[in-house]
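Residues in the sequence shown are numbered consecutively from 1, following the numbering used here.
Quick caveat, the hints were computed from the structure, so don't treat them as lab data. Virtual Cβ for every residue (Gly too), placed ideally from N, Cα, C. Hints are supplied without guarantee of correctness; some may be wrong.
Stated by the list, open to error - Simulated crosslink set (BS3-like; lysine-lysine; CA at most 27 Å straight-line):
hint	residue 1	residue 2
1	Lys51	Lys36
2	Lys36	Lys46
3	Lys67	Lys51
4	Lys46	Lys67
Stated by the list, open to error - Label-pair ranges, simulated between beta-carbon atoms:
hint	residue 1	residue 2	range
5	Asp87	Ala54	21 to 27 Å
6	Met31	Asp53	30 to 36 Å
7	Met96	Ala62	40 to 46 Å
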Amino acid sequence: MPVRFAAAAVGVVVLVWLWGLNGAAAQQSNMPDMMKMHEQMMAGMKADRTKLDALVTEMNGAPGTRKVDAMAAVVTELVRQHTAMFDRMGQMHEQMMGGRAMMGRRGMTRGQ
1 MPVRFAAAAV GVVVLVWLWG LNGAAAQQSN MPDMMKMHEQ MMAGMKADRT
51 KLDALVTEMN GAPGTRKVDA MAAVVTELVR QHTAMFDRMG QMHEQMMGGR
101 AMMGRRGMTR GQ
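Kindly generate the complete structure, drawing on both the sequences and the hints.
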């Protein structure tokens, strides 16, 4: 569920940013690009969810010490997906700020 919520939040941020980028005429001309970008984002999130579901199913069925390895695979995939989502959000933020963002991805999260 957290993956779905995060994915939906990213989608909303993208759509709000694109909607407010230009006036109504520019919005209409950007609509096909917006839709394509949204479809790509949704397809990527669906693939991520499918991969995570498969890893969880494997983990739940793993016996003994193999369960620990399966759990490590699930955690590793969660971290990969979270990092990728955060990177995409950082890119969108920089685009929204018109390149004026003062802090990079790591600086915002680690107080650097």
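Is it true that the CA of Lys67 sits at most 27 Å from the CA of Lys51? The given pair, whose Cα atoms are some 17 Å apart, holds under the 27 Å limit.
Is the gap between the beta carbons of Met96 and Ala62 within 40 to 46 Å? Holds, since Met96 and Ala62 (Cβ atoms, about 43 Å apart) stay within the stated range.
Tell me if the straight-line CA distance from Lys51 to Lys36 falls inside 27 Å. holds, 23 Å
Hey, Lys46 versus Lys67, does the alpha-carbon distance stay inside 27 Å? holds, 25 Å
Cβ distance range 30 to 36 Å for Met31 and Asp53, holds or violated: holds, 32 Å
Measure nothing beyond the straight line between the CA atoms of Lys36 and Lys46; if it is 27 Å or shorter, mark the hint as holding. Holds, because 15 Å separates the two Cα atoms, which is no more than 27 Å.
Can you tell me whether the CB distance of Asp87 to Ala54 sits inside 21 to 27 Å? Given a distance of about 23 Å, which is inside 21 to 27 Å, the answer is holds.
Checked against the numbered hints above, the structure breaks none of them.
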